[in-house]
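When you get a sec, could you build the whole thing from the sequences and use the hints?
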Amino acid sequence: MDTILFHNPKAGEEDHAKKALVALLEEAGLKIEVHGTKGQELKKGLKKQRELVLIAGGDGTVGRICRNLTERGRCCAVLPLGTANNLARALGSWPSPEHFAAGWTKAAHRHLNVAMAEAENEEREGFGERRFVESLGFGAFAQAIQDADEAGEEGVDAGRAVFRQTLSEAPVIHARLRIDDQEHVVETLLVEVMNIALFGPNLPLAPDARPGDGLLDVVLLPPQRREAMLEWLHAPGSGAPPVETIRGSQVTLYWPGGAIRVDDEPLEFNGACTITCKVEPAPLTFLVPREALAAPKKGRPE
1 MDTILFHNPK AGEEDHAKKA LVALLEEAGL KIEVHGTKGQ ELKKGLKKQR
51 ELVLIAGGDG TVGRICRNLT ERGRCCAVLP LGTANNLARA LGSWPSPEHF
101 AAGWTKAAHR HLNVAMAEAE NEEREGFGER RFVESLGFGA FAQAIQDADE
151 AGEEGVDAGR AVFRQTLSEA PVIHARLRID DQEHVVETLL VEVMNIALFG
201 PNLPLAPDAR PGDGLLDVVL LPPQRREAML EWLHAPGSGA PPVETIRGSQ
251 VTLYWPGGAI RVDDEPLEFN GACTITCKVE PAPLTFLVPR EALAAPKKGR
301 PE
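Read in order, the letters of the sequence shown correspond to residues 1 to 302 in our numbering.
A hint or two may mislead.
Okay, derived cross-link-like pairs now, EDC-like style, lysine to aspartate or glutamate, Cα gap no bigger than 20 Å in a straight line [unchecked claim]:
1. K31 <-> D2
2. K278 <-> E265
3. K48 <-> E26
4. K278 <-> D213
5. K106 <-> E291
6. K18 <-> D149
7. K44 <-> E71
8. K38 <-> E71
9. K18 <-> D2
10. K278 <-> E183
11. K278 <-> E129
12. K18 <-> E41
It should be emphasised that the hints constitute simulated quantities derived from the structure, not laboratory data.
In structure tokens, the structure reads:
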């Protein structure tokens, strides 16, 4: 099978890792063409028409490529090389490249929706159209991503520590939302429009979200649940997050101003704005291990 491999290796092991991975995949019957994950290398790779798009990297790499894949008819697969690997986990992760090489011909298919966000303010200025595959965030956790980047913090544990610190000081936000045909006026510490169950430092903030159900899970944190969320952040796997969730296919947020984040990218967009999010009609299709479908995660069944 003709395959584009987008490869973003761990620091210091580029040549060795790439050669070993290509040899493994070609032995498994794939015809590999390797491209980088940024700049002109990424653009060149995205233009190539190949049967399989294979992405080896972390969430930043996977998200970047998924957002830019306008041709949705091809199959994709993820070989997770990051720390959180939220997208790979949400889809059903291959335990290793060796497992993928041995199992890709018998793999199951799982869809991943791509969502579109568009924002503008009173001056009709905006950030244009931005796709996202993980989440669109506002408030405390969007600020935490920016704080972690500025502090140079990396890794799941360090990220969660920054989230706790930022949340402990986060102001209450008065926001208005329209989710499908229902209006909501809320007081919250954050708004996360989730496309999958996980975001940031591997936090299952929307445990019932499914990557290909055509819906967005809007997560809110009422101010009175601040302490409960701070406690939950110490052990996110121990129970459901203390949040409120509203599900819909289209979300409009009248945002009074503050931190905004698209996937893992903080945005410089000051002041009040109106942001509309909706799921695009054609999902991406991913090859996943069959056992990922045989054992549904907690929450709604597939």
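Going down the list of hints, with the structure as the test:
Distance check on the hinted pair: K31 and D2 sit about 5 Å apart at the alpha-carbon level, within 20 Å; holds. Distance hint between K278 and E265 is fulfilled; the C-alpha atoms sit about 19 Å from each other, no more than 20 Å. Restraint check for K48 and E26: the C-alpha separation of about 18 Å stays at or below 20 Å, so the hint holds. Proposed proximity of K278 and D213 is supported: the alpha carbons are some 12 Å apart, at most 20 Å.
For the hint pairing K106 with E291, the CA-to-CA distance comes to about 11 Å; that is within 20 Å, so the pair holds. For the given pair, K18 sits about 27 Å from D149 by alpha-carbon distance, which is inconsistent with the 20 Å threshold. Restraint check for K44 and E71: satisfied, since their Cα atoms lie roughly 14 Å apart, inside the 20 Å limit. With a CA separation close to 18 Å, the supplied pair K38 and E71 stays within the 20 Å bound.
Between K18 and D2 the CA atoms are separated by roughly 17 Å; this keeps the pair inside 20 Å, and the hint holds. Between K278 and E183 the CA atoms are separated by roughly 16 Å; this keeps the pair inside 20 Å, and the hint holds. As the CA atoms of K278 and E129 are separated by approximately 11 Å, the hinted pair is consistent with the 20 Å bound. Straight-line distance between C-alpha atoms of K18 and E41 comes to about 15 Å, which keeps the hinted pair within the 20 Å bound.
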